[in-house]
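*Asks:* If you want the building blocks of each chain, they are given just below.
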Amino acid sequence: MTFSEFMFGVFPYMCIIIAIIATTWRYVTDKFSYSSLSSQFLENRDLFWGSITWHYGILGILTAHLVGLLIPDSILWWNMEPVRLYVLETTGFVLGLMALVGIILLIIRRFSSSRLKVVTSNMDKLLYVVLFTQVLTGVLTAIFYRWGSSWYSSFAVPYLWSILELRPNVSLVDNLPLTVQIHILNAFFLLFLLPFTRLVHMLSVPIKYIWRPHQIVRWNQRKQILGPF
Amino acid sequence: MEVRAQVSMTFHLDKCIGCHTCSVACKNIWTDRKGTEYMWWNNVETKPGTGYPSKWEDQDVYKGGWEPKGKSIGLKVTDKFRGLANIFHQPHLPTIDDYYEPWTYRYNDLFDSPAGDDQPTARPVSMITGENMDINAGPNWDDDLSGSEIYAKNDPNFAALSDGEKEALFEIERLVFFYLPRICNHCLNPSCVASCPSGALYKRGEDGIVLLDQNVCRAWRFCVSACPYKKSYYNWSTGKSEKCILCYPRLETGQPPACFHSCVGRIRYLGVVLYDAEMIEQVASAPENELVDLQKEMILDPHDPEVIAQAEKDGVHFSVIEAAQKSPVYKFLKEWGLALPLHPEFRTLPMLFYIPPLLPVLGHVEKGNYNVDVENYFGSLDKARLPMKYLAKMFTAGDETKIREVLEKLLAVRMFKRAEQVDDIDQAEVDKMLEKTGLTPEMCEEIYRLTALPTYEDRFVIPPMHREYAADALMGDPYSFKAEAGIGGFKDRPERGL
Chain A
1 MTFSEFMFGV FPYMCIIIAI IATTWRYVTD KFSYSSLSSQ FLENRDLFWG SITWHYGILG
61 ILTAHLVGLL IPDSILWWNM EPVRLYVLET TGFVLGLMAL VGIILLIIRR FSSSRLKVVT
121 SNMDKLLYVV LFTQVLTGVL TAIFYRWGSS WYSSFAVPYL WSILELRPNV SLVDNLPLTV
181 QIHILNAFFL LFLLPFTRLV HMLSVPIKYI WRPHQIVRWN QRKQILGPF
Chain B
1001 MEVRAQVSMT FHLDKCIGCH TCSVACKNIW TDRKGTEYMW WNNVETKPGT GYPSKWEDQD
1061 VYKGGWEPKG KSIGLKVTDK FRGLANIFHQ PHLPTIDDYY EPWTYRYNDL FDSPAGDDQP
1121 TARPVSMITG ENMDINAGPN WDDDLSGSEI YAKNDPNFAA LSDGEKEALF EIERLVFFYL
1181 PRICNHCLNP SCVASCPSGA LYKRGEDGIV LLDQNVCRAW RFCVSACPYK KSYYNWSTGK
1241 SEKCILCYPR LETGQPPACF HSCVGRIRYL GVVLYDAEMI EQVASAPENE LVDLQKEMIL
1301 DPHDPEVIAQ AEKDGVHFSV IEAAQKSPVY KFLKEWGLAL PLHPEFRTLP MLFYIPPLLP
1361 VLGHVEKGNY NVDVENYFGS LDKARLPMKY LAKMFTAGDE TKIREVLEKL LAVRMFKRAE
1421 QVDDIDQAEV DKMLEKTGLT PEMCEEIYRL TALPTYEDRF VIPPMHREYA ADALMGDPYS
1481 FKAEAGIGGF KDRPERGL
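These protein sequence lines map, in sequence, to chains A and B. Residue numbers for the first sequence follow the numbering used here, so the first one is 1 and each next one is one higher. Residue numbers for the second sequence follow the numbering used here, so the first one is 1001 and each next one is one higher.
No lab work stands behind these hints, which were simulated from the structure alone. Glycine included, every Cβ here is placed at the ideal spot set by N, Cα and C. Please note: incorrect hints may appear among the correct ones.
To be verified - So the derived label-pair ranges between C-beta atoms look like this:
#	chain 1	residue 1	chain 2	residue 2	range
1	B	ALA1473	A	MET123	35 to 43 Å
2	A	ILE17	B	ASP1213	28 to 36 Å
3	B	GLU1002	A	THR133	55 to 63 Å
4	A	MET123	B	ARG1033	19 to 27 Å
5	B	ILE1172	A	PHE48	41 to 49 Å
6	B	GLN1255	A	ILE107	47 to 55 Å
7	B	ASN1215	A	PHE111	28 to 36 Å
8	B	ASN1215	A	TYR13	26 to 34 Å
9	A	VAL83	B	ASN1215	34 to 42 Å
10	A	SER74	B	GLU1002	26 to 34 Å
11	A	PHE48	B	THR1253	26 to 34 Å
12	B	GLN1421	A	GLN221	48 to 56 Å
13	A	GLN221	B	GLN1282	23 to 31 Å
14	B	PHE1111	A	THR133	47 to 55 Å
Generate the whole structure from the sequences, applying the supplied hints.
*Replies:* What follows is the structure in structure tokens.
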């Protein structure tokens, strides 16, 4: 087994399996630890610029990746017209830049306030490095290796599907530029980090809030209890 | 009609001496942990004053509570979609600086300092960062500071007063204040529960205590913004919100909450009331001037056979109904009409009621001298040092007649007892006052007894909390030994996640 076979054929599975098992384990045994661990209470103003740009940027980019993963052919069809290609690429690039600016602002914020240092763990620091690398390699790819949306659909997506379908095809990504390879491997590493960091808050999107009733009442048991009256 | 039981409270403000014993009892039991140092689930404020967190009553800033939206009401701070859009940064979240930065002192320096020319000092250090800090705010920083340019002057309730009336309150001879102890109101229409994206907050069906499930909480912090009384707090260390639990572990073992039990002035009363849960939305959406009356209307008569029958049908245990019949809260609120909710205009239907203070009414200033009118011993409400408008802003959503009604009743009881014991008030005058307020001599006597001479059992009528039903639900086996169930909760220390 070559090094790249290991990195692109085995490493992803290690990350995925550990992520699934550890996330489940953490949810079952330690629900208390699931939290966004917000620090807005300690520092409010800088968080606005960092958190908003970061979250909306990264959510947009993640959605774009997901759409590409699900309907790669439609993306390729869309990109046949140069104008449409430019629109897609520009949108992606802007979202990527938002995420990059956001994460930089968040890192600066995190280490510029003595209050925030108290609530910053080593895992948080590691997470900042990994997330920054991920966004940076993504933005660099967009700048230097165009057009990303097209070859993401024709190389990376088939590779990702080959992973998901349990027949990894390393040759698809073997010859990609180093920046892109780092981007892919770092993504799996992020997945591995998911259950061991505050990233788990991604999994608690409170979507149920939209349809739940305003008031919640919990009963021990509710049945007619007839008394002596 | 859907009958539910609610453990409800009454605070008698005339009896509060502002000693903070309640706050300290609560802090020692519940909030002496890391991340909770700044929290005071129970706090005592001086009014007029800005309170804790600073100017919490100003909902133009904090956006707590509900506001009318169409025919119904909606949360002021957010709605369901805005809530999700604002989840990455909440525009109206108070920060630690709106409360205060908790501190301690380097006491060890007093002992460990090397010998020198100067006395060693214990410098204050932040309990968040551990660094040296200058203290410039605390949980009761406006204590007794009525007349202060910084604190009293910025009281949001002064919005109701004209400039002249405001100025008058700051003349040295007219300075006046009273204390306002506050805990979670355990509202019938809690905005904290409604705002939680994760659904972590809930009202206990059996007793109406509002609790927060920390295993479900994900630190979105909307409860902190949405509670108009700012009685939900964010623990910056564990990343979970926390709030007053009305000492439910104590209630379940038949003891009153720590703040009630320790109250030196014995101002606190606790009892269960029955209410009609079907009326919640209707009452909470009512026009502002009807809020107080309608909320009282929701509270049902526990002696009414129809109410009792429905209560049993709706799963209220008969022992709880019995407790409701003896409830001191019911007496103050419904039978005598002496208790009022704090800021009913927030529309959360708070279930902690206050008997407004009459004390500042008593004296008045004449020709620059503080004067207790001997001719007309109890003075008149019109000479009150604290303007009716101010109290009305706090307790009746601005309706002066309602606050006047209550104060007149309190005056009537005093006149009745004075006529009886000192005999220097004309009986005709007393009768006139009784007729005006609708009180009877028997009621006056009872009010006097429950106000001035209540025993522990009179003040705290704690309903049986029926842990056996909870244990059944927890353990599944109805024949198991109940004590095995414990109170659930945490096996590990609740610590900050990775």
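*Asks:* Please go over all the hints and tell whether each is borne out by the structure.
*Replies:* These are the hints, each one checked on the structure:
{"no.": "1", "hint": "B:ALA1473 with A:MET123: 35 to 43 Å", "result": "holds, 37 Å"}
{"no.": "2", "hint": "A:ILE17 with B:ASP1213: 28 to 36 Å", "result": "holds, 31 Å"}
{"no.": "3", "hint": "B:GLU1002 with A:THR133: 55 to 63 Å", "result": "holds, 57 Å"}
{"no.": "4", "hint": "A:MET123 with B:ARG1033: 19 to 27 Å", "result": "holds, 22 Å"}
{"no.": "5", "hint": "B:ILE1172 with A:PHE48: 41 to 49 Å", "result": "holds, 44 Å"}
{"no.": "6", "hint": "B:GLN1255 with A:ILE107: 47 to 55 Å", "result": "holds, 50 Å"}
{"no.": "7", "hint": "B:ASN1215 with A:PHE111: 28 to 36 Å", "result": "holds, 31 Å"}
{"no.": "8", "hint": "B:ASN1215 with A:TYR13: 26 to 34 Å", "result": "holds, 31 Å"}
{"no.": "9", "hint": "A:VAL83 with B:ASN1215: 34 to 42 Å", "result": "violated, 51 Å"}
{"no.": "10", "hint": "A:SER74 with B:GLU1002: 26 to 34 Å", "result": "violated, 53 Å"}
{"no.": "11", "hint": "A:PHE48 with B:THR1253: 26 to 34 Å", "result": "violated, 46 Å"}
{"no.": "12", "hint": "B:GLN1421 with A:GLN221: 48 to 56 Å", "result": "holds, 52 Å"}
{"no.": "13", "hint": "A:GLN221 with B:GLN1282: 23 to 31 Å", "result": "holds, 28 Å"}
{"no.": "14", "hint": "B:PHE1111 with A:THR133: 47 to 55 Å", "result": "holds, 49 Å"}
Comparing the model with each earlier hint shows violations of hints 9, 10, 11; every other hint is respected.
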